Amino acid sequence: MTEIVTETGQINYEQALEDLKVFLYGHKGKIDIKLHLNDILFYLEPQNLLFALRSFSLPILPQIIRIWSALGFKRLHRYFQLNIIAVVNKLKERAKQRRGKHAE
Amino acid sequence: MERFHTAVMLKEPDRVPIAPLMDYYYANCAGITAKEYVLGDFKTAMNAVKKTYWRHGGDLDMVHIPIGRVYAFFEPFPAAHSGFYSPLQVPDTIGGSLQFIEKPVLDISEFDLIYEEGFSRLWRPLPIRQVRRTQIDFLQILKFADYWENQMEVPLYTMTATITPLETLSYLCGITKWSRYIHKYPEKMQEMCDFMIKGLIANDLFLKKIAQSRSKHSYVCLERVSASFISPKIFETLVLPYLKQIVKMNNRMGYINLFHMDTDWTPFFEYFRELPKGHYILHLENSDIFKAKELLGDRFCLMGNLNSTLQKLGTPQQIEDYCKKLIEVCGDGGGFILGSGCEIASDAPFENIQALVNAGKKYGPYRK
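Protein chains in written order, with this note's numbering: chain A, 1 to 104; chain B, 1 to 368.
By construction, these hints were calculated from the structure, which means they are not laboratory data.
Since this is a predicted model, take the numbers as computed values, not measurements.
Note that CB positions come from ideal geometry on N, CA and C, so glycine has one too.
Just to be clear, a hint being listed does not mean it is correct.
What the hints assert, rightly or not - Derived CB-CB ranges, DEER-like:
#, chain 1, residue 1, chain 2, residue 2, range
1, B, F138, A, G72, 17 to 25 Å
2, A, F42, B, S179, 19 to 27 Å
3, B, R129, A, G9, 33 to 41 Å
4, A, K96, B, T266, 49 to 57 Å
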């Protein structure tokens with residue numbers, strides 16, 4: 001088994017992202033990591049935009065920069081794809097499947 | 001922050017830290033319902049924590065993030081009571097707490113499908129708008145952490161959470177089936193645990209990186225794999241090897257292993273001596289904490305263990321007497337944090353919890 005944190009504390013992020021993906025979506029599961037137009041529109045709705053802006057405050061800016069520098073854009077982007085975007089898309093897909101089943 | 005961590009390092013701080021774990025009690029103390037606390041604006045929950053802290057005189061040496069809301073909509077990993085897998089009920093009453101409705105969602109015959117399609121296969125329908133909004137909430141959690149850790153210098157109980165695979169399976173399979181599976185199909189359960197541990201560790205790793213918590217407590221949920229539920233043999237084969245893997249990662253990342261140990265662990269204490277060197281907090285509920293001090297006190301910081309019955313039904317005097325005993329025995333030589341067994345009962349009377357705080361202040365100072 002490949003260890004994701006070595007004895008010296010080095011982190012194998014690629015392995016960690018792969019482990020995360022396999023756990024949630026399996027060896028053969030399909031994932032949709034595209035940010036769809038209706039998702040973007042959701043964030044642009046005035047109440048949600050306000051909500052996001054209110055959540056985003058000055059004290060957390062240094063924290064976000066720290067996260068960014070700890071993980072780097074590519075890994076952070078991949079993490080968000082797997083744990084945020086794909087989650088929403090999978091929920092939508094499952095809701096669609098369920099509606100299809102009910103229609104039958 | 002310093003007081004708490006001195007105790008974790010098994011030394012004597014100026015006084016025993018007073019750190020009862022609170023979650024829904026914050027709502028009760030602030031006079032809002034569990035529903036407002038879990039499903040309302042994050043600011044409402046954040047203010048409930050602040051209000052509770054100050055109502056108790058600013059003497060609490062630890063606070064906790066409003067975890068119920070994270071469980072409800074944010075956690076696609078089956079860490080304990082995730083709303084992605086099982087329905088959760090949130091009462092609209094003061095003094096209530098979130099209820100996890102345990103329904104089996106996984107059968108052993110479906111394990112192969114999980115290997116192929118992953119645990120997202122088990123997600124139940126959730127309101128997508130709520131999921132998205134809770135994802136945004138994470139920014140507020142960062143703000144909350146910054147306020148307490150950096151501005152107030154009060155450590156957080158935890159910002160990350162992981163769980164042993166076997167325990168996760170108990171929530172997914174339901175306790176009855178799960179008990180049968182571990183005796184009838186131990187190999188299949190072990191195979192599934194091997195599959196799960198990698199993902200659970202990876203999830204925890206990213207949470208640590210994203211949360212960037214100064215307290216560096218790594219919460220490990222140990223509730224249903226205690227001696228109250230399983231035999232030593234099952235613990236040796238289906239729990240301990242995975243717990244060691246979790247601990248190894250925490251140690252390598254410089255984190256404190258915070259074991260949240262509900263129910264009774266006393267018969268399993270000897271196994272904890274097998275764990276590698278590192279920093280630990282054993283947060284005990286119904287275990288014999290005095291025996292833990294005797295057997296494990298040289299290596300493990302102990303936390304606890306005013307139980308929920310005393311919190312809710314005891315008198316302030318009974319609480320003071322028990323806390324005094326805890327401080328005298330477990331606090332001897334350091335390495336002890338005065339707290340609750342599990343968390344403070346959501347409907348505990350304020351004066352009872354204040355009795356715990358007062359006892360910490362009265363009997364907790366170390367003579368230098």
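So, going through the hints one by one against the coordinates:
1. B/F138 / A/G72: 17 to 25 Å: holds, 19 Å
2. A/F42 / B/S179: 19 to 27 Å: Since the Cβ atoms of A/F42 and B/S179 sit about 43 Å apart, the hinted range of 19 to 27 Å is violated.
3. B/R129 / A/G9: 33 to 41 Å: holds, 40 Å
4. A/K96 / B/T266: 49 to 57 Å: Taking Cβ atoms as reference, A/K96 and B/T266 lie about 50 Å apart, which means the hint holds.
Hint 2 from the list above is the single one not met by this structure.
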